[in-house]
Each structure stands twice: as C-alpha cells, then as structure tokens.
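Those sequence lines, one after another, are chains Z and A.
Going by this note's numbering, the first sequence opens with residue 96, and the numbers climb by one from there.
Going by this note's numbering, the second sequence opens with residue 101, and the numbers climb by one from there.
To be clear, the hints were calculated from the coordinates, so they are not data collected in a lab.
The structure presented is a predicted model; accordingly, all values stated were derived computationally and were not measured.
Using N, Cα and C, we set each Cβ at its ideal position, and we do this for glycine too.
Check the hints yourself; a few may be wrong.
[Said to hold, decoys possible] Cβ pair distances, simulated, as ranges:
no., chain 1, residue 1, chain 2, residue 2, range
1, Z, K353, A, P493, 40 to 48 angstroms
2, A, D156, Z, D179, 53 to 61 angstroms
3, A, F561, Z, P244, 38 to 46 angstroms
4, A, L467, Z, P244, 54 to 62 angstroms
5, A, Q118, Z, P244, 52 to 60 angstroms
6, A, S105, Z, E335, 43 to 51 angstroms
7, A, R292, Z, K241, 28 to 36 angstroms
[To be verified] Which chain Z residues face chain A? A few, computed with CB under 10 angstroms, are given here:
no., residue
8, E159
9, Y181
10, T182
11, V277
12, N287
13, V290
14, G292
Residues per chain, in single letters:
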Amino acid sequence: MKKTVFGIAAALSLALAGTAVAQGYPNKPVTMIVPFAAGGPTDIIARIVGDHMSKTLGQQIVIENVAGAGGTTGITRAMTAAPDGYTIAMGHLGTFSAAPATYPGLKYDPLNGIQPIGLAGGTPILIVARKNLEANDLKSFVAAIKATPDKFNEAHAGLGSVSWTTCTLLKGQLGVPKLNAVAYRGTGPALNDLVSGQIDFMCDQIVSVAEQIKAGTIKAFAVASVQRSPALPDVPTTTEAGLPEYQIEAWNGIAGPKGMPKEAVDKLVDALNKALNDEATKKRLLDLGAVIPTAADRTPDGFGAVIKRDAAKLDPALKNAPR
Amino acid sequence: MDMFSNLALGFGVALSFQNLALCFVGCLVGTLIGVLPGVGPIATISILLPITFGLDPTGALIMLAGIYYGAQYGGSTTAILVNIPGEATAVVTTLDGHQMAKQGRAGIALGTAAIGSFVAGCFATVVIAALGAPLTKMALLFGPAEYFSLMVMGLCFAVVLARGSILKAFCMIMLGLLLSTVGTDLETGQERLTFGIPALADGIDFSVLAMGIFGFAEVLRNLEAPEARDVVRAKIGRLLPGWSDIKQSVMPCLRGTFIGGTLGILPGNGAVLGPFASYTVEKKIAKDPSRFGKGAIEGVAGPESANNAGAQTAFIPLLTLGIPPNAVMALMVGAMTIHGIIPGPQVMTRNPELFWGMIASMWIGNLMLLIINLPLVGLWVKLLQVPYRLMFPAILIFCCIGIYSVNNQPLDVAFTAMFGLFGYLLIKLGFEPAPLLLGFVLGKLMEEKLRQALIISRGSFVTFLERPISAGLLLVAVAVLVIALLPSMSKKRDEVFTE
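Working from the sequences, and respecting the hints, build out all of it.
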C-alpha cells in the first residue's frame with residue numbers, strides 16, 4: 096500500500112518537474128525485484144546499493160520482495176517482464192548460476208537469455224562447525240568426514256539456498272554426496288541448532304556466521320576465497336588449510352530481461368558503478384563482510400562471465416546431489 | 101545490582117527526546133497497521149527500512165520494535181471488533197473478545213486487552229533485563245525432537261479443549277495440518293498438492309487462509325441477516341473494566357504473561373503458541389468452562405497478556421544469540437545489519453546502549469500504547485458505527501490490499517476469496533475455524549522438526565522418547581488425551597459443550 100503511495104508521490108513530483116525529466120530513461124521509478132524475503136543478505140545489499148543508484152538515476156528504485164522457490168519465482172517474474180529497463184532484479188549465485196541444475200523446469204535461461212548489468216557485491220563462504228566437534232582444523236575435519244561420513248550431519252537453509260548450493264559443492268568435491276543433510280527454513284534456525292550442537296557443520300555466508308565465530312559459539316575451518324576476510328583475519332583460506340579446489344563466493348548481481356534498450360543498460364551500469372565507488376555505500380557493504388566487486392565484474396560482460404564460470408563449477412555436484 | 105545500573109543506562113538512552121519520539125511514532129504506526137486487517141508488521145517494517153538509514157541504529161531499532169509490538173496490540177482491536185485476526189497470535193482473541201463485543205462490552209474487552217498487554221509488557225521487560233542471558237541457555241536445550249513433542253502436546257490440548265464436538269475439532273486440526281503441507285518439499289524440492297500452480301509452490305500464506313476463513317467468511321455471514329447484528333455498533337459500553345472484571349482478569353493476566361513469556365523465548369516462533377496455551381489453561385481451570393467462547397473476560401485477558409509477553413521475549417534469542425525466532429525478528433536482523441550491527445552473542449557487551457536502550461524503550465513503548473490506545477478505543481469503535489454497506493466493502497478492500505502486499509501475488513487474493521466461501525461453509529456446518537488455523541500454523545514447523553529429528557537420528561523414532569524433555573512433553577500429551585477420552589470425562593464434557 097505504501098508502495099502505491101510512493102508511486103503516486105513520485106508520479107506527482109514528476110508531473111511538477113515538467114517535461115525535462117520526462118525525456119529519456121528513466122522517466123518513472125524502476126522496480127528492482129528481490130527474490131527473497133526482506134531482511135536477508137540479498138535484500139540488504141539491494142537496499143543499500145539501490146538507495147545510491149536512485150540518486151544517480153534521478154528516479155526511485157523501488158525494491159519489491161517476491162520470495163519463493165529458492166528465489167526463482169521472483170527472478171522468473173523479472174526476466175519475463177517487458178524489457179524496457181523498468182523491471183530489473185537482484186539475484187545471486189543460486190538464482191543465476193545454480194538454478195539451471197537445481198530446477199529442471201526453470202522458465203528463464205540465466206546463461207544466455209538474460210541481460211546482465213553487473214555484480215553488486217560478493218560474500219565469502221565459510222565452512223563452520225559446532226564448537227565441540229573433535230576436528231579442529233580443515234584437514235582433520237576432511238579426514239574424519241571421509242573416514243566416517245555416516246557420523247556427520249550437515250545443515251542447510253533449504254534446497255536452492257546458498258548454504259545448500261555451496262555445501263553440495265563441498266560434499267561433491269569430498270566424494271561424499273550422500274552425507275546426511277538436514278534442511279531448515281532459513282539460515283537462522285539452522286544456526287540455532289548448530290550453536291546448540293544438534294548438528295555438526297554447515298557452509299554459509301560470512302555475514303550470517305561471523306559474530307557467532309567471534310563469540311566462540313561455533314568454530315570456523317576455512318573461508319572459501321582467495322584472500323582471508325578482514326572481518327575474520329584468523330580464519331585461513333581453503334588454499335592455506337589444504338582444500339584449494341573449494342573456491343566459491345556467494346555473489347549478488349543485477350540483471351534484467353534480455354532485449355533491454357542500450358541506453359537503459361548503460362545508465363544502470365553507470366549508476367551501479369557510482370554506487371560502488373561511493374565511500375558511504377562502500378563502507379556499508381564492507382561492514383557486512385561483503386567484498387566490493389572488481390571494475391571488470393561490474394559490467395554486463397564481466398558479470399555474464401561470472402555466471403557462466405560458476406554454473407560450470409557447480410553443475411556436476413548439483414546434478415549428482417541426492418533428491 | 102548489575103541489572104539496575106544496566107537498566108539505568110537503558111532508560112538514559114531511551115528517554116532522549118529523539119528516541120522517545122521514535123518510540124511514539126513506531127507505536128502509533130504499529131497500532132494503525134495492526135488495526136487495518138491484512139497489512140502486517142512484516143510488510144510495514146520492510147517498507148520503512150530505508151527510511152531509517154539516516155537515523156542512528158538504536159533509534160531506528162526502537163522505532164521498528166515499536167511497530168512490531170504496536171501491531172500485536174492493534175491486531176487484537178480488529179479481532180475483538182470485527183472478528184478478523186490480523187496476526188496468527190490474535191486468533192484466540194476472536195473467540196471471546198468478539199463475543200464480548202457482541203454483548204455490548206466491546207469497550208471493556210479492548211480495555212482489558214490494553215491493560216493486560218501493558219502488565220505483560222512490564223513483566224516481560226523485567227524478565228528480559230534480569231534473565232535474558234540464562235533463559236537463552238534454556239532455549240538451546242530445545243532441539244528438533246523437543247520442539248516436535250511440544251507441538252504434539254499443543255495440538256492434543258487443542259483437540260481436547262475445542263468448543264463443540266471433539267471429532268469436529270480433530271478434523272479441523274487435521275485439515276489445517278494437511279493445508280500446511282501444500283508447497284515445495286523442503287528436502288527434495290518436489291512440489292506437493294500444488295496442482296501445477298506456480299503461486300502455490302511456496303504453500304498457502306497464513307494471512308491468505310486467516311483473512312479468508314475469518315475475515316471474508318464473517319462478512320458473508322453478516323450479509324445473511326444485514327440488520328440483525330447491529331449490537332456491536334450500537335453499544336460500546338464502558339472502556340475501563342469494573343472491579344469484578346478486574347478481579348476476574350488479574351490471575352489470567354499473570355498466568356498468560358508467564359506462559360507467553362516462556363514460549364516466546366523458544367526458537368521457531370514459539371510465541372504463536374502462547375495465546376493458545378493461555379486460553380487452554382484458563383478454560384481448563386475455570387469453575388464454569390461453558391462461559392468460554394461466549395464472552396468470558398478471562399479468555400481475553402489471558403491470551404492478550406500471553407501474546408504481548410511472547411512478542412517481547414521473542415527479542416531474547418535475537419538480542420542474546422543473534423538468532424531470529426520468527427519472520428519479524430529476521431527482519432530486525434536485517435535492520436540491524438543495515439545499520440552495521442551484526443546480531444550475535446556479543447551485542448550485549450559490545451553495544452550495551454543499544455541492547456539496554458531497546459529493552460527500556462519496550463517498557464516506555466508499552467506505556468505509550470496504553471496512553472495511545474485507551475482514548476483511541478473510542479475512535480476505533482466509531483469505525484464500527486459506519487453502516488455495514490460501507491464498512492464491509494472497506495474491510496474487503498483492506499484485506500485484499502493487505503494480502504496482495506504480502507507476496508505481490510494477485511492469485512493470493514483469489515485464494516482468499518475461495519477460503520472465504522469455505523469458511524462460510526464451515527460456519528454453516530458448525531465447525532470451528534480456530535483449530536484449523538492452529539493446525540496450519542504449527543503444521544509447517546511440525547513437519548520440519550519431525551523430519552529434522554528423524555534425519556539426525558537416522559530414522560529412529562526412539563529419539564523422541566530417549567530425550568528426557570521430549571519424552572516428558574509426549575507423556576503430558578498422552579495423559580491429556582486419555583483423560584479426555586475416558587467415558588466419564590467425555591460424558592461430562594459433552595454436557596458442558598453441547599449448550
């Protein structure tokens with residue numbers, strides 16, 4: 096309801112501002128669909144980046160949360176919308192790279208059938224475990240899992256979630272694809288049972304688990320990125336800890352339906368880059384433990400390549416995952 | 101004592117002019133959206149989130165928290181006056197609250213709800229301040245197995261103590277459980293009972309079912325005899341409960357606070373159980389249980405206190421563990437992270453002014469709700485004097501807007517209409533819709549917890565008996581069922597319930 100009020104207010108101010116604003120893209124508010132519930136990591140990044148992009152575009156970016164089916168409901172809606180530049184979406188690793196292998200009946204083709212705009216942020220993935228698990232480093236943990244896979248329980252936030260996707264990749268690489276997996280509705284409840292020791296380990300984004308690690312209620316084995324995270328300087332990278340092939344990042348990126356006007360794509364790319372260069376916006380993202388994407392990844396081509404790269408990486412593990 | 105110096109710090113923060121103003125705005129907005137059927141705190145908080153960017157984190161969270169418990173409070177107003185529970189926690193209030201309104205005691209019902217909520221809020225604030233940290237440890241004892249057993253116990257109570265036929269109540273709960281299984285299977289991603297409709301892939305939304313079965317059905321029923329139910333709008337009665345009312349409500353209110361406060365701490369939205377458990381207890385220990393469902397004041401005082409106490413203690417897992425117990429709290433996590441405070445076990449030590457400021461502001465907020473609401477009761481009740489031909493379309497429109505705003509799905513509105521027809525049918529056939537809603541609310545969680553417990557135990561059902569807390573809860577559940585089904589008891593029960 097408030098959204099309509101905003102819309103009316105925006106329309107009114109537009110009418111008052113006269114014809115100068117009405118020319119060219121954008122001449123009305125842009126809807127950015129977030130395919131998850133408000134308050135989650137993707138939503139937060141969309142709101143922070145969208146807030147600054149609105150200033151550059153001179154039009155409000157309205158965030159619309161359309162949750163469901165691991166984010167594919169919202170992305171489907173955005174990718175099948177009119178390609179006029181007024182409907183875009185903030186998706187992530189799961190909805191763009193993992194979705195084709197996860198959801199056989201997917202109604203959009205993230206590899207060739209969308210218009211990438213650019214990466215908006217990346218979040219490192221950590222392998223974390225309950226604090227009283229016997230293994231104290233990644234090597235002994237991996238050895239224990241390979242020796243007695245039946246003794247372990249892994250938690251994830253539901254099929255299609257980042258934690259499911261990244262942990263399925265890990266289990267695939269370790270050769271234990273059938274390891275006992277316990278599904279939760281979201282990271283919060285899963286984390287609760289990890290803290291209380293009901294389950295043994297999970298893979299999740301740094302923003303969800305960093306404070307628990309600092310407080311010592313759970314322990315971290317490794318961060319699956321090239322460099323250590325400044326938020327957790329004591330946690331080794333997977334390369335340092337002896338599992339260099341496990342490299343994955345939970346990125347968020349903006350895309351729209353294929354066939355958008357070039358002017359709209361250029362203006363959105365420009366607004367995204369200005370947002371990510373803005374010190375205040377940058378600080379907000381860094382505070383979350385996020386990584387600011389490189390200049391190359393903030394372009395349609397760069398982002399498109401990231402989608403294809405990670406899809407190729409995830410494909411075998413996801414297709415072999417037990418259903 | 102530490103607690104007092106901490107609370108002093110908290111009140112110092114909360115009593116600053118800016119924070120007082122934000123708390124007031126939050127409570128006012130919360131009450132308003134709570135009163136409007138359908139527009140819930142989740143939608144409102146997410147829309148207002150960007151507006152708080154400019155505020156300091158403590159002020160922003162004080163305002164958002166105000167919206168949350170303000171909405172809990174406003175929701176009961178709609179439940180009492182128009183028999184629509186805006187929130188899952190207000191379902192129980194419709195039972196006796198609306199009956200009171202029909203008897204011309206709407207004012208007293210609203211007053212009791214306001215005072216009960218305030219008392220509960222005061223106690224809950226002290227509990228959070230004093231016991232926040234130790235209570236968290238208790239919540240951690242509840243794994244999937246314990247949680248499942250707790251819900252089994254809750255449903256057993258629901259069957260035994262429902263109004264009317266035990267068989268009908270059982271059917272309603274089962275139907276509720278069945279409806280909760282619609283949607284994508286959590287483990288396998290298979291779609292269940294969706295008939296290929298994409299909008300059903302994530303199941304039926306609570307507000308869709310509740311608005312339909314309670315809201316739309318109520319409107320339909322009223323259309324049957326357009327002028328017959330003018331009692332509610334004709335007479336509001338006094339606002340402040342009389343001495344005999346107060347005497348009747350004191351104990352239910354205190355018991356409700358205790359029950360709601362305890363359940364609110366549990367992970368996985370235990371707060372939903374609070375009002376229901378309180379209602380059950382009140383009905384069980386009442387001298388004359390037959391008054392329940394016909395406007396018993398205990399049936400308003402207890403659940404309303406439980407509701408508010410639970411709404412506040414639900415902050416405990418968030419503030420002490422950094423783990424949100426329900427959807428609104430998950431949104432609060434988002435709000436905190438946007439402001440650079442990542443919720444976790446260290447918030448209390450690292451951001452004491454935020455932690456204690458929020459707790460102090462809750463008490464102030466409860467006082468404000470009382471001050472805002474008692475005079476406003478007159479205004480809310482005036483709304484009911486609007487002729488039905490204007491009010492019913494308005495209720496339907498607000499419901500539709502509210503439902504659409506939850507997921508931005510047009511089909512949700514159509515489903516609500518369908519459930520409205522279904523709810524009307526239930527009323528005609530003498531089925532209570534409340535147990536259905538309870539089964540629905542608990543069903544999703546129950547299935548999830550059951551499967552988690554079984555996966556962890558590698559498929560062994562013995563896990564529910566091996567774990568002492570879980571076994572204890574199941575024992576109580578069985579005892580309740582046995583007592584209810586004993587021939588002598590069930591005969592007495594029939595006598596009580598047939599009239």
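Hint check against the structure, violated hint numbers in rising order: 2, 3, 9 and 10
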